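So the protein lines, in turn, are chains F and U.
So the first sequence is numbered by this note's numbering: it starts at 1 and just counts up by one.
So the second sequence is numbered by this note's numbering: it starts at 187 and just counts up by one.
To be clear, the hints were calculated from the coordinates, so they are not data collected in a lab.
One should not assume that every hint holds.
Between beta-carbon pairs, the in silico distance windows are [claimed, not checked]:
id	chain 1	residue 1	chain 2	residue 2	range
1	U	A336	F	R55	26 to 36 angstroms
2	U	A418	F	I21	13 to 23 angstroms
3	U	N440	F	S25	22 to 32 angstroms
Quick list of in silico lysine to aspartate or glutamate cross-link-like pairs, DMTMM-like style, CA-CA up to 25 angstroms [said to hold, decoys possible]:
id	chain 1	residue 1	chain 2	residue 2
4	U	K553	F	E161
5	U	K556	F	E117
6	U	K342	U	D233
7	U	K469	F	E161
All of these numbers come straight from a predicted model, not from anything done at the bench.
Heads up, the beta-carbon is just placed ideally off N, CA and C, and yes, glycines get one too.
Listed here are the chains, written in short residue letters.
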Amino acid sequence: MSEQFTPNNPLPQEAKLPAEIASFSPAVEAEIDAHLAKYPVKRSAILPLMFIVQRERGYLDPPGVAYLADRLGVRITDIWEVATFYSMINTKPVGKYHVQICRTLSCKIMGAGKITEHCAKRLGIKPGETTEDGMFSLSEVECLGSCGTAPMMQIGFDYHENLSAEKVDEILDSCSRGEYRYSMKS
Amino acid sequence: MFIGAIGCEPLQLKRVNLEHSRTIDVYKRNGGYDAIKKVLGGMSPDDVINEVKKSALRGRGGAGFPTGMKWSFVPKDSPKPKYVVCNADESEPGTFKDRYLMERDPHMLIEGMLIAAYALGARINYIYTRGEYRYLINIMDAALDEARSAGLLGEKILGTDFSCDIYTHTGAGAYICGEETALLSSLEGLRGHPRMKPPFPAVSGLYACPTVVNNVETLTAVPDIIKMGGEAYQKLGTEKSGGTKVWSVSGHVNRPGVYELPMGYVDMEKFIMEDCQGILNDKKLKAVIPGGSSVYIMPAADITGKGVRMDYEGLVAAGSMVGSGGFIVMDETVDVFESTKNLIEFYKHESCGWCTPCREGTDWLVKVFKRIARGEGRPEDAQLILDLCDNIEGKSFCPLGDAAAWPIQSAIKKFPEDFKRHLAPLTMQTETEVAAD
Chain F
1 MSEQFTPNNP LPQEAKLPAE IASFSPAVEA EIDAHLAKYP VKRSAILPLM FIVQRERGYL
61 DPPGVAYLAD RLGVRITDIW EVATFYSMIN TKPVGKYHVQ ICRTLSCKIM GAGKITEHCA
121 KRLGIKPGET TEDGMFSLSE VECLGSCGTA PMMQIGFDYH ENLSAEKVDE ILDSCSRGEY
181 RYSMKS
Chain U
187 MFIGAIGCEP LQLKRVNLEH SRTIDVYKRN GGYDAIKKVL GGMSPDDVIN EVKKSALRGR
247 GGAGFPTGMK WSFVPKDSPK PKYVVCNADE SEPGTFKDRY LMERDPHMLI EGMLIAAYAL
307 GARINYIYTR GEYRYLINIM DAALDEARSA GLLGEKILGT DFSCDIYTHT GAGAYICGEE
367 TALLSSLEGL RGHPRMKPPF PAVSGLYACP TVVNNVETLT AVPDIIKMGG EAYQKLGTEK
427 SGGTKVWSVS GHVNRPGVYE LPMGYVDMEK FIMEDCQGIL NDKKLKAVIP GGSSVYIMPA
487 ADITGKGVRM DYEGLVAAGS MVGSGGFIVM DETVDVFEST KNLIEFYKHE SCGWCTPCRE
547 GTDWLVKVFK RIARGEGRPE DAQLILDLCD NIEGKSFCPL GDAAAWPIQS AIKKFPEDFK
607 RHLAPLTMQT ETEVAAD
């Protein structure tokens, strides 16, 4: 039988710590401190900090997880527990441009299906996949609150609304050419 | 997209179409921060709560619980810190009003929260915004900085003894975090699982302290209630549903948008056909989901010529609910089986997995819907679906289960033809077999 881990017999986290722990620049550390200062309980900053780790390291990788556990004073498993619950936390690498198309009802009846098909055909991948060159990931996501301007997609945190196939091509072209500029920093 | 008021003077949407509407200067020039001055100039916390009670303001997030009553549940003698948390998780399909309220008029939310914090004695407060709305978090942060510089946040606000601060917090893509106890779990850095009620958040909420969780639109109504008085605000609407309501309209209409209407607006047909300028491409109206995806679907026959009054009681009488006020309008080309399948896939994806009826039930429903969509529908599937719904509705830990069951139950009841067509496409036996009701 495998060993049982209970609150009285906790996971031996020392043994589980990966060899590497992520480190960040002083500017990023200051940003993290500012988030921690908002809450009376450090653990509350877990989601804002995950977004920062994700931004800096591409996704929530094991050294990033170790960093968070250390910084928040919680166990590695606590970090994974939260990370695996939220759809915006990437525990696997994603493409440089993450194309997320809303599939929920208002977008659906306004033609989201065609937009997804168009993107899939153009990028040569199915929703949930990443192109071989690591440039694009394609996802179908649930309602993003852009129902009055459907269909829509999000690239990173940017909203692109009232989409047509032509408009999608324009946006993806600019990504391919490396000219796409995010309208906001994450 | 249209943003504005119909049938009343705009209150919530008073400033949204002004240039630079999100700056503190424009806000102040248009009546902004007058309400907090009035409050700090001589109203007691009880006075504030009484005005909100008189206003008949009801929670705009979906449940419609009277706001003044919710506030009065917070124990005054508790030695613990108290919290006001703004629910800006807006993830109900079809709903996008809060997004525009925050994008165009962030200071209105700050003022509403300040007043709530004063009434409840809260020192630290949070705005829980869904992770996808990152640009709104940036807008809110900038507005909070402006307010802090203007002495409207922080220590000794406007020279009084009232000190208060507001911080933004980000979600990360979980519909369930719009449920208030799940939101609090998430804000504490846990998985977004709902908690047992009671104890209600008013007694034991964030960090086990007394907490009030209110929707964005609920809080942005508060400054006007203080300025005009609760009674005057109530009179804009109906006796039990005070004030105005902001509706989000999407789908097959010529003019989708964010509409502010007085509560009790008559009637829904006029609203869709005239105010929203009718159905796209001159098609016929088939169905409306009036309160975000979680409410009962209404067929055109229940709307046309029925004089449906748009408030909490009126929509219940018409067979649906106000919910979050997210209108999804569907024309005659929509197959209600397909639209229902789309929604149950949403609920399956967003079920948090905490309780069995919801986790297993939504998964099973998706499997049945997918099999039917593959052309393998059986005549008894309608009854199977209704049985599954019956095992979720009222038996799940939080309202997400109900929200998943209601759209399906009403779709089968109101649009049996759309289901029959799929259940046995090649035979005629469905007429007698399908238990549609």
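Hint by hint, here is what the structure shows:
no.	hint	result
1	U:A336 / F:R55: 26 to 36 angstroms	holds (31 angstroms)
2	U:A418 / F:I21: 13 to 23 angstroms	violated (60 angstroms)
3	U:N440 / F:S25: 22 to 32 angstroms	violated (51 angstroms)
4	U:K553 / F:E161	violated (31 angstroms)
5	U:K556 / F:E117	holds (19 angstroms)
6	U:K342 / U:D233	holds (20 angstroms)
7	U:K469 / F:E161	holds (24 angstroms)
Comparing the model with each earlier hint shows violations of hints 2, 3, 4; every other hint is respected.
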